Amino acid sequence: MSTQLAIFTREHYLNVSYGWKSWLFTRDHKRIALLFLMTITFFFFLGGAFATMVRLELMTPQGDLFQAQTYNKLFSMHGIVMIFLFLIPSIPAVLGNFLVPIMIGARDLAFPRLNLLSWYLLVIGGVFTLWAIVAGGVDTGWTFYTPYSSLFSNTNVVLAVIGIFISGFSSILTGLNFIVTIHQMRAPGMTWFRLPLFIWSHYATAIIQVLGTPVVAITLLLVAVERVWRVGIFDPALGGDPILFQHLFWFYSHPAVYIMILPGMGVVSELITTHSHKQIFGYTFVAFSSLAIAIIGFAVWGHHMFVAGQSQYASLMFSILSFLVAIPSAIKVFNWTATLYKGSISYSAPMLYALGFIGLFTIGGLTGLFLATTAVDLHVTDTYFVVAHFHYIMVGGMVMAYLGGIHHWWPKISGKMYPEGWARLAALIVFIGFNLTFFPQFVLGYLGMPRRYYAYADEFQVLNVMSTAGASILAVGYVLPMVYLIWSLRYGESASANPWGATGLEWQIPSPPPTENFEETPIVEEPAYNYESYSRASV
Amino acid sequence: MSLIVEHQFDDYEQQQQATTLGMWGFLATEVLFFGGMFLGYTVYRLLYHAPFGEASRHLDVVLGAVNTGVLLCSSLTMALGVHEAQEGNRRMVMLFLAITAALGMIFLGIKFFEYYQKFEEHLIPGPHFMWNGADARHASLFFIFYFVMTGMHALHMVIGIGLMAILVFLTWRGKFSSVYFAPIELGGLYWHFVDIVWVFLFPLLYLVERSR
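Protein sequence lines correspond, in order, to chains A and B. Residue 1 is where the first sequence starts when you use this note's numbering, and the numbers rise one by one after that. Residue 540 is where the second sequence starts when you use this note's numbering, and the numbers rise one by one after that.
No lab work stands behind these hints: they were computed from the structure. Computed from a predicted model, the values in this text were never measured in an experiment. Please note that the accuracy of each hint is not assured.
What the hints assert, rightly or not - From the structure, some residues in chain B lie toward chain A, with a derived Cβ separation under 8 angstroms:
{"hint": "1", "residue": "Val-544"}
{"hint": "2", "residue": "Gln-547"}
{"hint": "3", "residue": "Leu-560"}
{"hint": "4", "residue": "Phe-572"}
{"hint": "5", "residue": "Gly-575"}
{"hint": "6", "residue": "Met-633"}
{"hint": "7", "residue": "Ser-679"}
{"hint": "8", "residue": "Val-687"}
{"hint": "9", "residue": "Ala-704"}
Note that the Cβ used here is the ideal one computed from N, Cα and C, for glycine as well.
Only chain A is shown next, with the shape it has when bound in the complex:
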């Protein structure tokens, strides 16, 4: 009896203290990660609700369910919520927050208070965005193109802009914390080239967060100034230049796409190696490809502006640079595939998500090359081809990686195993639903259906109905994990410290980890993913 009691009462970060104060004033990176998890899950389903309404309207060619103005607000709010309040914080703020200190052998991030502040900033930014929604929404699209956003739109642009501005600083602080932590707090022996690739990709992400986000912050602030004081910064009628807005906006918002994929790549590197029990193929290439994506990614923003009146020489350069950024991405895909070769692969749910990621990211990436080609881009600009392309990256890539990561580290986070059968089923449903939703959109776009309209030509209906049907399947695939993961908190099997037989410091400590993570600072003596010596040792 007493031993049983001892097992149940082992102190860890979840049961060390109770009450709302112990959460809202916590400085523990693991608890803050859970705060982020709950917040962004809310925004994910909110953004999903907007997407559902968009897809329902597009079931029929006529605009019948919503008015045109309402439809404009729906897709705008979908984009704003999903990008700024879900995708940007998703993997870094949840999994990154939880895992970065543990993976490098530290007790916490370098600045725990700043970390908590960054959650509060996301919440405050989210409240402003919700306020904008409740007050009637925004209809500018998530891109806030001027002069429409600054002078003509009669919707709550300023509120939404304030929301994004504030949540942007949440992202900056997270990035800053990661950079300092990774530089300064690695355990003895944890050299740069022994770091898990998850850390490398978060380091690259953090660079973009710190250097890109302030630019969009000031840009949106200028839009607000122009709108409130009715002066012309970006409005040609008042002497400004709308193209300047687009340059400034995309200077952040293209690298932001890499904020929305690099952490996913980091997760996939972990999933592939763990669930095929194999050393990553070409560690240094995968590590440096993350940095290359972050750096080259800052020089490709002009490919959003091929039709915006940019000089053809600029377009040519941006086109070439956009092709260049595909190379490090391709290196990753090839190296993951090579890692699988002769691995002992287990088709667990995280692995299914990882394999899904590789396939969907490849399609998303290759169609990105179509769009980087100036001539093809002219044909498909502002069509559903573009919509399909970036959803393959952001949803097919990042959300798959996010879900895979949540499953993979769920035993560590919660101390419980998720139900494997249900999880595999959900992964399969997500994959099927996703492809049915978005593959028809490639065809629609190529045939010429423009994005952001609530009505379309009759001949596009079959493909649109397919897409809406896929979206409903996808919705099931997203609700399912939420149900069984919450179920597992109470009824799930207790997880051992290392249920996957994985290398990596996070699996050497109990599940869930104690507040201080490590009883004593670990000393690292081997490279990451050292599965060969690991399996020898366990035999």
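Position chain B relative to chain A; hints supplied.
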């Protein structure tokens, strides 16, 4: 006095290096934040050379120059404050930080006097903007950038003065020693950064057309 090492750090040195790197990272963010405005200004200055030059001549170069001097002096007193902190002279630290804050306030006072002058001259962009020269639209554009950039800078000055007040208070309470004075050093980094922004703003806004 014992050193305060937060639980996540192994030792004081690690904490010191981490906070310093954090501050530099934050300043990198700030550079990009101001960078967006500098880019916008530069683009329009190239496109609308003449009205920007004309508008620039409406700024009070004497007040601008005095303010530059005030800020450079404040950076000197800030640096002296950090030096005294290294030496552990509590009273001198408080003195120099207080002078730094006071100089900052003088800067803001002069700045707001300049804003008031612009208000009197109807040079604030918007419906009441009045311009006698050619191309009022682009002259107005100059003043938008003037107000947004100097306004953002002034906001940073206000934060800096607040920081100085907190640091003086903490020094008075005896929180720092010749070994532990990192917050003063970091406050200094921030102050010098805000100063440097002005060093770029002054020639760009005030001096750009004075030679003709």
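* Find the hints from earlier in the document that the structure breaks and name them by number, from lowest to highest. => 1, 6 and 9
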